[in-house]
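Trainee: Chains as they are written, first to last, in my numbering: chain A, 22 to 336; chain B, 22 to 336; chain C, 22 to 336.
No wet-lab data here; the hints were simulated from the structure. Each hint should be verified, as a subset may be incorrect.
Since the list gives no way to pick out one identical chain from another, each pair is judged satisfied if it fits inside one copy or across any two copies.
In silico lysine-lysine, DSBU-like type, Cα no more than 30 Å apart, as pairs [said to hold, decoys possible]:
1) Lys-73 - Lys-144
2) Lys-132 - Lys-73
3) Lys-88 - Lys-74
4) Lys-144 - Lys-95
5) Lys-144 - Lys-289
6) Lys-314 - Lys-144
7) Lys-73 - Lys-150
8) Lys-326 - Lys-132
9) Lys-326 - Lys-73
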Amino acid sequence: MRLFLLNNLKFLDGGGKGFHQIRSLSSSNSVLLSTNDDGNRGIRRLILNNPKKRNALSLNMLQELNKQFDTMEKQCIHPIQQQQPKSNHQSTTDDSKTLLRAIVISSNSEKIFSSGHDLKELKLNNDPKYHQLIFDECTRLMLRLRSIPVPVICQVDGLAAAAGCQLVASCDIVLATERSQFSTPGASVGLFCSTPGIAVARTVNRRWASYMLLTGRAINANEAFISGLVTCVSPTFETMQTQTESILESIITKPASVIALGKQFMYKQMEMNNLADAYSQGSRIMVDNLSMKDCQEGIDAFLQKRQPNWTHSNE
Amino acid sequence: MRLFLLNNLKFLDGGGKGFHQIRSLSSSNSVLLSTNDDGNRGIRRLILNNPKKRNALSLNMLQELNKQFDTMEKQCIHPIQQQQPKSNHQSTTDDSKTLLRAIVISSNSEKIFSSGHDLKELKLNNDPKYHQLIFDECTRLMLRLRSIPVPVICQVDGLAAAAGCQLVASCDIVLATERSQFSTPGASVGLFCSTPGIAVARTVNRRWASYMLLTGRAINANEAFISGLVTCVSPTFETMQTQTESILESIITKPASVIALGKQFMYKQMEMNNLADAYSQGSRIMVDNLSMKDCQEGIDAFLQKRQPNWTHSNE
Amino acid sequence: MRLFLLNNLKFLDGGGKGFHQIRSLSSSNSVLLSTNDDGNRGIRRLILNNPKKRNALSLNMLQELNKQFDTMEKQCIHPIQQQQPKSNHQSTTDDSKTLLRAIVISSNSEKIFSSGHDLKELKLNNDPKYHQLIFDECTRLMLRLRSIPVPVICQVDGLAAAAGCQLVASCDIVLATERSQFSTPGASVGLFCSTPGIAVARTVNRRWASYMLLTGRAINANEAFISGLVTCVSPTFETMQTQTESILESIITKPASVIALGKQFMYKQMEMNNLADAYSQGSRIMVDNLSMKDCQEGIDAFLQKRQPNWTHSNE
Chain A
22 MRLFLLNNLK FLDGGGKGFH QIRSLSSSNS VLLSTNDDGN RGIRRLILNN PKKRNALSLN
82 MLQELNKQFD TMEKQCIHPI QQQQPKSNHQ STTDDSKTLL RAIVISSNSE KIFSSGHDLK
142 ELKLNNDPKY HQLIFDECTR LMLRLRSIPV PVICQVDGLA AAAGCQLVAS CDIVLATERS
202 QFSTPGASVG LFCSTPGIAV ARTVNRRWAS YMLLTGRAIN ANEAFISGLV TCVSPTFETM
262 QTQTESILES IITKPASVIA LGKQFMYKQM EMNNLADAYS QGSRIMVDNL SMKDCQEGID
322 AFLQKRQPNW THSNE
Chain B
22 MRLFLLNNLK FLDGGGKGFH QIRSLSSSNS VLLSTNDDGN RGIRRLILNN PKKRNALSLN
82 MLQELNKQFD TMEKQCIHPI QQQQPKSNHQ STTDDSKTLL RAIVISSNSE KIFSSGHDLK
142 ELKLNNDPKY HQLIFDECTR LMLRLRSIPV PVICQVDGLA AAAGCQLVAS CDIVLATERS
202 QFSTPGASVG LFCSTPGIAV ARTVNRRWAS YMLLTGRAIN ANEAFISGLV TCVSPTFETM
262 QTQTESILES IITKPASVIA LGKQFMYKQM EMNNLADAYS QGSRIMVDNL SMKDCQEGID
322 AFLQKRQPNW THSNE
Chain C
22 MRLFLLNNLK FLDGGGKGFH QIRSLSSSNS VLLSTNDDGN RGIRRLILNN PKKRNALSLN
82 MLQELNKQFD TMEKQCIHPI QQQQPKSNHQ STTDDSKTLL RAIVISSNSE KIFSSGHDLK
142 ELKLNNDPKY HQLIFDECTR LMLRLRSIPV PVICQVDGLA AAAGCQLVAS CDIVLATERS
202 QFSTPGASVG LFCSTPGIAV ARTVNRRWAS YMLLTGRAIN ANEAFISGLV TCVSPTFETM
262 QTQTESILES IITKPASVIA LGKQFMYKQM EMNNLADAYS QGSRIMVDNL SMKDCQEGID
322 AFLQKRQPNW THSNE
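Isolated chain A, as found in the complex (with noise of 0.2 Å):
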């Protein structure tokens, strides 16, 4: 239902190509189904796929969510770093592919979006060495989210519950459907949301973290959009779709590199407490972002009155 809904839009849409390649890829077996805009537009959507443990963050899909990354973080330009002289930086993607630009993520239910990590899982092997792992890959999959070069769109649908909740609320931009609820009720298993909490206490308001994390209790999309977890909530899934649409239509009609820059330099600066260093170390990204080619590019291209024609390079 839901998957024959993505193909009637425009994002999946390319002569019902997406609708077969996520159907093929929906009858296998894995807990995480991925696939590529037929665009060729450079979107990689991800689709959690496991409705029946309520897409749950066991090992196996935190894995699967990695090796994507993996994979996905070598089809991204990358940010030069700062004080590294340009010729020396090798670019890790292989042009012979589509450059990545941005991520969608979302679940293939309409009940259930994530309920986050798998109790089962953590109740069979109790082994502490075990749930370090489990917790280990979970903070590399919450701490790449933000690393990527790339935005990562999040589209909730349903309930994004605990770690499910912390994914959410770990992308850069996130809608929802107005039947959405979020929470991170872990204490209710004795289980406190301490992690998922990491990530809501940075995006919400400090008042609606303490409110979710100390009661469990649910919160519907309209809390979250006031509380600030959610900028965008639709009335349907295909209203989200189309939202969701004009977003990556904005992002990737925009230089690659500078957005990989921006990206970056966005989420250091809101790390940094000192008002006037982040000043000062923002003015001299400004400086180098001005000498780039797409963005000399992109300045006359404005002043001409004329599309851009991007390099989508760090030159």
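Since the structure of chain A is provided, determine the placement of chains B and C on it from the hints.
Mentor: Just chains B and C now, kept in the frame of chain A:
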């Protein structure tokens, strides 16, 4: 009138005992009423009870509040400090008493929650040492609202001004009636709300904080909701009471030791700038949490679809 | 048209002098208009006045703004630095002039508040040193919006984009009309809004910041209200003007030295991670504040139910 309302709600219901208990306390001259709920559920209600002085946080009121917290801290289960071996842990809980599970702070007036520091008192004794004593007592209260290992719920009905607003912003969970107002108007009497601003700026969005502090103008309940100061606005005191009861139910059905561990780390990680560091510590907390008896019981009960049987201990 | 509106409101009213004053300024070629309110109330209005260039923050505009702030800083009472003995304090205020109490920044256009940096200018001179100069001038402005010891109010009517949005997010109090929009679209021309993002991410919830910065899409006034960028949305410029007048009234009826002390510490504590440290410093500020003449007068007046008689000094 208010006390009568309280009596008619489940929270203090129990054959009318709650009503009489508060009434008898009320007939005392104490500026602060303190009562347990009748159901032996470990819920302590503190009621600011000096409406003639607009429930000012006088030195007396602050000391009474801190005295209550001294007692309540002994009735809580405290989280085991990391690095401290479990066997050495001395529980401070006297097992013969009901374990404290939650604190509810409200006022005995539908017009004023609290007007903040007592200006008359600050004026009568002009010794800076005396002033310092008052602010130290106030800080002690604000810090322990955060450190006490049970959730503190604030019910605002009426005006919360200056240090009264600071008290609100320092609680874990804040509800308010529609008629409530919030302000930090100290500069109007020449005393800028510098310490209230510390709590307010950590709770609401920064533009709301600077607006409130620099103009002293009151915001209404809806603005408090938008700004993040309050997460639930109720049309009447009765509906706020019902909402509070649901929240309390959510809290007391969870294991006390897990809430204690969770609240402690929640505020700790909120003060950490570096995301990777926060996750590193958070993962260890999760692994420790998983080894607790109540966590194992909680997950078992969940998987077996039965009610959990908590020990509420740190074992 | 806009100037006519301003004239018809109390803010610039005074026998039409305000109107003519601005008009005559307007006939000058200055990109920035500056006017005092007629009532000698110490309110300075700065009007971005280059609508043909979309009120761009060109080097010229930035320098004009900084020149105004150089002058205005000398018209303020400054807080006494802690650790600095009172007797050594040299007031920078020339007593013969009206003490500055508040600054209002607006634009002379109902379509555009400011479009941010002047792209043409950035392109014409491609010397990185020149670019650095522009960003340094911009940073200097943003930092002093925070450091100048009087409240800075921003009235947005129309689009605030890129560094224009940064200017908005850097003011203490922000009002906007319903038709206003806010964006950080730099990446569309290849120049990521890295420095605007510093101000925006410290003002709005983090998900709004990443959404705005990575997509460049504009948010409307309602979204700006939800996100925390704006605390008051008015249907028309006239109602925004009335709202501003109320806010100004709230400010100028308070003692200047207390506002100065308060604003300085407010931003200082916002940058402090540790709550106990913030309270420790805050308590000392409160004790110092209580020893000020205007505080003693303010509390006296309050207790005696009369109007206070401020000295506006640091005594």
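Trainee: Compare the structure with each hint and give your call.
Mentor: Comparing the hints with the structure gives:
1. Lys-73 - Lys-144: Only inside one copy: Lys-73 and Lys-144 sit 19 Å apart there, 57 Å across copies, limit 30 Å.
2. Lys-132 - Lys-73: For Lys-132 and Lys-73, only the intra-copy Cα distance (11 Å) is at most 30 Å; the inter-copy one is 52 Å.
3. Lys-88 - Lys-74: Within one copy, since 20 Å is at most 30 Å while 49 Å is not.
4. Lys-144 - Lys-95: neither (35 Å within a copy, 33 Å between copies)
5. Lys-144 - Lys-289: between (37 Å within a copy, 27 Å between copies)
6. Lys-314 - Lys-144: between (54 Å within a copy, 12 Å between copies)
7. Lys-73 - Lys-150: Within one copy only: 27 Å inside a chain, 60 Å across chains, cut-off 30 Å.
8. Lys-326 - Lys-132: between (46 Å within a copy, 20 Å between copies)
9. Lys-326 - Lys-73: between (53 Å within a copy, 17 Å between copies)
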